[in-house]
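Engineer: What follows is each chain in one-letter form.
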Amino acid sequence: MNKITTKDMTVIINTMADIIIENEVPFCELDSAAGDGDFGMSLAKGFKQLKKEWDELDFDDIGAFLKSCSMVIMEHCGGASGPIWGSAFRAAAKAAGNVEEIGLAELAEIMQAAVVGIQKTGERSFGRGAVVGDKTLIDALVPAADSLSASADAGEELLSAMQKAAAAAVAGAESTKLIAAKMGRAGTVGDRSIGYPDAGAFGLGVIFTGIVNSLS
Amino acid sequence: MNKITTKDMTVIINTMADIIIENEVPFCELDSAAGDGDFGMSLAKGFKQLKKEWDELDFDDIGAFLKSCSMVIMEHCGGASGPIWGSAFRAAAKAAGNVEEIGLAELAEIMQAAVVGIQKTGERSFGRGAVVGDKTLIDALVPAADSLSASADAGEELLSAMQKAAAAAVAGAESTKLIAAKMGRAGTVGDRSIGYPDAGAFGLGVIFTGIVNSLS
Amino acid sequence: MKKIINTPETFVIEMCKGLIKAHPELDFIEKFKVVKKKEINTNKVSLISGGGSGHEPAHAGFVGKGMLDAAVCGDIFASPSIKQVYTAITKTESKKGTLLIIKNYSGDCMNFNEAAALAREDDIDVDAVYVNDDIAVKDSLYTVGRRGVAGTVFVHKIAGAAAEEGRSLAEVKAVANKTIQNVRSIGFALTSCTVPAKGTPTFELGADEMEYGVGIHGEPGRQRMPVAKADDLAAAMVSQIDEDMSIAGAEVAVMINGFGGSPLQELYLFNNSVSAEIENKGAKIYKTLVGNFMTSIDMAGASVTVLKLDSELKALLDAEVNTPALKN
Amino acid sequence: MKKIINTPETFVIEMCKGLIKAHPELDFIEKFKVVKKKEINTNKVSLISGGGSGHEPAHAGFVGKGMLDAAVCGDIFASPSIKQVYTAITKTESKKGTLLIIKNYSGDCMNFNEAAALAREDDIDVDAVYVNDDIAVKDSLYTVGRRGVAGTVFVHKIAGAAAEEGRSLAEVKAVANKTIQNVRSIGFALTSCTVPAKGTPTFELGADEMEYGVGIHGEPGRQRMPVAKADDLAAAMVSQIDEDMSIAGAEVAVMINGFGGSPLQELYLFNNSVSAEIENKGAKIYKTLVGNFMTSIDMAGASVTVLKLDSELKALLDAEVNTPALKN
Ligand SMILES: Nc1ncnc2c1ncn2[C@@H]1O[C@H](COP(=O)(O)OP(=O)(O)O)[C@@H](O)[C@H]1O
Ligand SMILES: Nc1ncnc2c1ncn2[C@@H]1O[C@H](COP(=O)(O)OP(=O)(O)O)[C@@H](O)[C@H]1O
Ligand SMILES: [Mg+2]
Ligand SMILES: [Mg+2]
Ligand SMILES: [Mg+2]
Ligand SMILES: [Mg+2]
Numbered sequence: 001m002n003k004i005t006t007k008d009m010t011v012i013i014n015t016m017a018d019i020i021i022e023n024e025v026p027f028c029e030l031d032s033a034a035g036d037g038d039f040g041m042s043l044a045k046g047f048k049q050l051k052k053e054w055d056e057l058d059f060d061d062i063g064a065f066l067k068s069c070s071m072v073i074m075e076h077c078g079g080a081s082g083p084i085w086g087s088a089f090r091a092a093a094k095a096a097g098n099v100e101e102i103g104l105a106e107l108a109e110i111m112q113a114a115v116v117g118i119q120k121t122g123e124r125s126f127g128r129g130a131v132v133g134d135k136t137l138i139d140a141l142v143p144a145a146d147s148l149s150a151s152a153d154a155g156e157e158l159l160s161a162m163q164k165a166a167a168a169a170v171a172g173a174e175s176t177k178l179i180a181a182k183m184g185r186a187g188t189v190g191d192r193s194i195g196y197p198d199a200g201a202f203g204l205g206v207i208f209t210g211i212v213n214s215l216s
Numbered sequence: 001m002n003k004i005t006t007k008d009m010t011v012i013i014n015t016m017a018d019i020i021i022e023n024e025v026p027f028c029e030l031d032s033a034a035g036d037g038d039f040g041m042s043l044a045k046g047f048k049q050l051k052k053e054w055d056e057l058d059f060d061d062i063g064a065f066l067k068s069c070s071m072v073i074m075e076h077c078g079g080a081s082g083p084i085w086g087s088a089f090r091a092a093a094k095a096a097g098n099v100e101e102i103g104l105a106e107l108a109e110i111m112q113a114a115v116v117g118i119q120k121t122g123e124r125s126f127g128r129g130a131v132v133g134d135k136t137l138i139d140a141l142v143p144a145a146d147s148l149s150a151s152a153d154a155g156e157e158l159l160s161a162m163q164k165a166a167a168a169a170v171a172g173a174e175s176t177k178l179i180a181a182k183m184g185r186a187g188t189v190g191d192r193s194i195g196y197p198d199a200g201a202f203g204l205g206v207i208f209t210g211i212v213n214s215l216s
Numbered sequence: 001m002k003k004i005i006n007t008p009e010t011f012v013i014e015m016c017k018g019l020i021k022a023h024p025e026l027d028f029i030e031k032f033k034v035v036k037k038k039e040i041n042t043n044k045v046s047l048i049s050g051g052g053s054g055h056e057p058a059h060a061g062f063v064g065k066g067m068l069d070a071a072v073c074g075d076i077f078a079s080p081s082i083k084q085v086y087t088a089i090t091k092t093e094s095k096k097g098t099l100l101i102i103k104n105y106s107g108d109c110m111n112f113n114e115a116a117a118l119a120r121e122d123d124i125d126v127d128a129v130y131v132n133d134d135i136a137v138k139d140s141l142y143t144v145g146r147r148g149v150a151g152t153v154f155v156h157k158i159a160g161a162a163a164e165e166g167r168s169l170a171e172v173k174a175v176a177n178k179t180i181q182n183v184r185s186i187g188f189a190l191t192s193c194t195v196p197a198k199g200t201p202t203f204e205l206g207a208d209e210m211e212y213g214v215g216i217h218g219e220p221g222r223q224r225m226p227v228a229k230a231d232d233l234a235a236a237m238v239s240q241i242d243e244d245m246s247i248a249g250a251e252v253a254v255m256i257n258g259f260g261g262s263p264l265q266e267l268y269l270f271n272n273s274v275s276a277e278i279e280n281k282g283a284k285i286y287k288t289l290v291g292n293f294m295t296s297i298d299m300a301g302a303s304v305t306v307l308k309l310d311s312e313l314k315a316l317l318d319a320e321v322n323t324p325a326l327k328n
Numbered sequence: 001m002k003k004i005i006n007t008p009e010t011f012v013i014e015m016c017k018g019l020i021k022a023h024p025e026l027d028f029i030e031k032f033k034v035v036k037k038k039e040i041n042t043n044k045v046s047l048i049s050g051g052g053s054g055h056e057p058a059h060a061g062f063v064g065k066g067m068l069d070a071a072v073c074g075d076i077f078a079s080p081s082i083k084q085v086y087t088a089i090t091k092t093e094s095k096k097g098t099l100l101i102i103k104n105y106s107g108d109c110m111n112f113n114e115a116a117a118l119a120r121e122d123d124i125d126v127d128a129v130y131v132n133d134d135i136a137v138k139d140s141l142y143t144v145g146r147r148g149v150a151g152t153v154f155v156h157k158i159a160g161a162a163a164e165e166g167r168s169l170a171e172v173k174a175v176a177n178k179t180i181q182n183v184r185s186i187g188f189a190l191t192s193c194t195v196p197a198k199g200t201p202t203f204e205l206g207a208d209e210m211e212y213g214v215g216i217h218g219e220p221g222r223q224r225m226p227v228a229k230a231d232d233l234a235a236a237m238v239s240q241i242d243e244d245m246s247i248a249g250a251e252v253a254v255m256i257n258g259f260g261g262s263p264l265q266e267l268y269l270f271n272n273s274v275s276a277e278i279e280n281k282g283a284k285i286y287k288t289l290v291g292n293f294m295t296s297i298d299m300a301g302a303s304v305t306v307l308k309l310d311s312e313l314k315a316l317l318d319a320e321v322n323t324p325a326l327k328n
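Chains as they are written, first to last, in my numbering: chain Y, 1 to 216; chain W, 1 to 216; chain P, 1 to 328; chain C, 1 to 328.
The set of hints was computed from the structure by calculation and includes no laboratory data.
Be a bit skeptical, because a hint or two may be false.
[Said to hold, decoys possible] Below, a list of computed lysine-lysine pairs in the DSBU-like style, where the Cα atoms sit at most 35 Å apart:
#1 C:K83 <-> Y:K94
#2 P:K327 <-> C:K308
#3 P:K2 <-> C:K83
#4 P:K65 <-> C:K327
#5 P:K91 <-> P:K38
#6 P:K17 <-> C:K308
#7 C:K83 <-> P:K314
#8 C:K44 <-> C:K2
#9 P:K91 <-> C:K327
#10 P:K314 <-> C:K65
#11 C:K138 <-> P:K44
#12 C:K65 <-> P:K17
#13 P:K95 <-> P:K2
#14 Y:K48 <-> Y:K177
#15 C:K2 <-> P:K37
#16 Y:K177 <-> C:K83
#17 C:K38 <-> Y:K52
#18 P:K229 <-> P:K44
#19 C:K229 <-> P:K308
#20 C:K327 <-> P:K327
#21 P:K83 <-> W:K94
#22 P:K308 <-> W:K52
#23 C:K138 <-> P:K327
#24 W:K52 <-> P:K314
#25 Y:K67 <-> C:K31
#26 P:K17 <-> C:K2
#27 C:K37 <-> P:K308
#28 Y:K52 <-> P:K38
#29 W:K177 <-> C:K327
#30 W:K48 <-> P:K91
#31 C:K31 <-> P:K91
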């Protein structure tokens, strides 16, 4: 496997949805420590809806597919997850463009675009987007995207690059345990968030790991 | 011991108050099965007040003493217990009269008068007073009073007559387990009161037993 | 027992004081635990209710224009004493007489009736009605009759409006009794209440059990059963009310009353289930109240009350009311 | 989990429908879970609030004369989506513009702000205020700021009255922000809430423990500590509010807000403790609200909110209001 086709991308997103739905309760529990306990539910709601509306999604090309996903996610994921995941998918779609196949370099660009999409949404509401160290899913997404970019620069193989990226996400999530949240709902509880990982970051680690396992 | 003096009566009522206060929680629990769980509290409240106002009670003679008790009890026992125990003491006081000593025959009369006093109070509110079998404290008080009357007729000794009366109260209370309440708060729960003794009847058994033990 | 509390002994007094601080238009006679209007209109029938505490906002929360003139507060679940009730009667004396609205419990009946007898000796014109709306336990000739529960609030409202109109004591009593004849309630508990002085739950319920037909003092009801869905509960409760008092073709007022521990969100959800069942039975809903009106300390659960209306009752139900717990 | 419920998935919709059945003067746009006034006055600023459900009566219970024009209902504790908020804005469009009253949480801010941006593209004049009254957690330059909690209800009331007077969007926004600047809250929990979809408590508390400074979504606060007496809690809470915003010499409005599982009797008792502490600090209490206004599902516990008043805020606080959950 060295390329991701439109078909591959639909399989990946479908796997992602399955992982999210499977983890609804554990993801809620992650959000209970310093948040409000609804992360799993909010995320799963959007991805359940995605599976429900699956046949009406746009399968023309990778960009079109991701964009049609973004609309469902933005509308049906509850809470902060709607705008965050919705804008991530929307930015990813734009970065992908109307192509039917991408390689590692494009995948890395798509992930970097997702980071920027999330940050722009944050910026519009809070004057600044989340960066690594704020204890949000950015703490997992940025290392994963950076790992993909580095692998692409090094000319690595796609699947092993994705495995490395997933590992980077897990490590990034792990590191959120040690810090106090500055953004997100947990950003209002101060030091009380120390000791628990960020739900969104941890969730991304689980999701990316699940996806690469399904591809291996 | 063949006579009860005014002083003896104050000791008896003081013992009664101690037993009631000691049993506040268990008496509440008795009332939980089919009632509202406050019998112990309601009764104890009045008798705690009685001890508080002890020095202001009237110690002139047995009738005056019981009457002064009745005022405190009627005012400070909560719920049904205020009018019931208040009217019992009031009727007992009237029956005792302004004497400084009574024998078994007079004690029996006093107890019978208490029964009638309670029944008259019931009659004013419900058209009829409670009788044995309605599952109220009458089911313990009547056998105790009747036992005293029988002992008096038979010329028995005071203390052993009181022991027999206490045993009759306990047996009467025991018999309330088998029947459904027709009067009192438990009279609104129908068959659901079967299997549990009436709180007031059971309480009287405990109180009378405690008093005779203290005298023995 | 986890409660917002200082000591069980001071609970009722502190609660009444907290009420008065929030509602300075009311007076609190601390010695007799009577909450009353500051200004008594001596040209209308005075209305007094009360009973054991633990049912808040009942009854002190219903003192005000268009409802009660005074509420007498007993200890938790214990009727106030004769002297307390007597004080309330004398402190709200009106030229038109006084009506006592009594929930049908032995303790309440005895204390209120004996107090009324004392007041009559003072030449105060006192009469009484007895609310007995709880259909959970079958009435029988041999028992003291049904319990008075949430339907009492409708009696307060309607008698209050009639008194406000200047009707005579006999007329106010008549319309209160008409309300009593047309009101039925049934409730269920998901948890027990905990009386502060006792400190532990009045009854024990398993994790998946509920008490159906429970009373507002944690008294047992029809049956202990597995927790049922809101829709199924609503169907059973409305059917049983309809069996007791047919509602087909009638216009009704509905009260979804929380017992204290159930949040408003669940009460609104339950109203959705109940109102559909009532309409299924062919009744038309004229007015609905959803909230905590006649609670049972901290018990989770709710009751449904249905009042059959005619044009007189509708007008009185709609009349102006301004009390801490009910306004229009 | 024992609740009056059918399924967690249908909870919010059924609850909103139950509210509408009890309050036929309101409309429910089911597809977007928007509760709105039936009649929109296009000559006053429209006020919209909302957020995750689970805080009932907030916010749908505050739709009506003198408060909100619409409330947007998310799932339990989850902000409504951009599209839901956008729908509420378009369905209540007024010639005078729209003010969004947002509790300061990331999800709410993002969804409401993005929706406002969409509406502005339609030439609707939309502005927003952010309520952040919870002093439990110290604010810092590096964080998203304080949480919005029960003080939001005062913002609804005062902005609502200002809008009703016909003031401009800028004027309504200004008085809403003045309210926000003068309102502080702090709360505590005796039990956790239970989100229906999760089915188990959000946090675990020992039998003698409480969470002090808790948020209205069961978020942690200042500290986990042994259950304290009402008087001691009141002293600590009022002192901390006073440290954050000195109240000596001020006239204040007070709200004792129950979190859903604590009965009114305990809230009134708590008001007795709190009002004494407030007066001790040299403040004068102008008005007190006691009840469940901004709940946290079924959590037992309460919050104290203090609003410093001037003559403008007093007049607006007293102005006519008629909503399901607040009337005068
Ligand atoms: N400003 C932000 N930027 C990036 N991610 C964020 C931001 N705010 C919150 N998040 C992420 O969203 C997660 C919470 O999502 P969710 O529980 O659905 O939202 P809510 O806080 O509204 O309940 C957090 O764990 C965090 O990873
Ligand atoms: N009509 C009555 N006649 C005699 N005893 C009664 C009557 N009604 C109740 N009782 C007694 O009172 C007891 C209950 O007292 P208490 O719990 O103080 O009153 P309440 O029912 O008001 O809570 C019952 O157990 C019963 O023995
Ligand atoms: Mg969350
Ligand atoms: Mg009792
Ligand atoms: Mg009682
Ligand atoms: Mg949320």
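Engineer: Against each hint, give a clear statement of whether it holds in the structure.
Structural biologist: Outcome of the hint check:
| no. | hint | result |
| --- | --- | --- |
| 1 | C:K83 <-> Y:K94 | 21 Å, holds |
| 2 | P:K327 <-> C:K308 | 26 Å, holds |
| 3 | P:K2 <-> C:K83 | 42 Å, violated |
| 4 | P:K65 <-> C:K327 | 14 Å, holds |
| 5 | P:K91 <-> P:K38 | 10 Å, holds |
| 6 | P:K17 <-> C:K308 | 23 Å, holds |
| 7 | C:K83 <-> P:K314 | 42 Å, violated |
| 8 | C:K44 <-> C:K2 | 43 Å, violated |
| 9 | P:K91 <-> C:K327 | 29 Å, holds |
| 10 | P:K314 <-> C:K65 | 24 Å, holds |
| 11 | C:K138 <-> P:K44 | 56 Å, violated |
| 12 | C:K65 <-> P:K17 | 31 Å, holds |
| 13 | P:K95 <-> P:K2 | 47 Å, violated |
| 14 | Y:K48 <-> Y:K177 | 29 Å, holds |
| 15 | C:K2 <-> P:K37 | 39 Å, violated |
| 16 | Y:K177 <-> C:K83 | 34 Å, holds |
| 17 | C:K38 <-> Y:K52 | 33 Å, holds |
| 18 | P:K229 <-> P:K44 | 46 Å, violated |
| 19 | C:K229 <-> P:K308 | 45 Å, violated |
| 20 | C:K327 <-> P:K327 | 7 Å, holds |
| 21 | P:K83 <-> W:K94 | 21 Å, holds |
| 22 | P:K308 <-> W:K52 | 51 Å, violated |
| 23 | C:K138 <-> P:K327 | 39 Å, violated |
| 24 | W:K52 <-> P:K314 | 52 Å, violated |
| 25 | Y:K67 <-> C:K31 | 23 Å, holds |
| 26 | P:K17 <-> C:K2 | 33 Å, holds |
| 27 | C:K37 <-> P:K308 | 29 Å, holds |
| 28 | Y:K52 <-> P:K38 | 63 Å, violated |
| 29 | W:K177 <-> C:K327 | 51 Å, violated |
| 30 | W:K48 <-> P:K91 | 28 Å, holds |
| 31 | C:K31 <-> P:K91 | 56 Å, violated |
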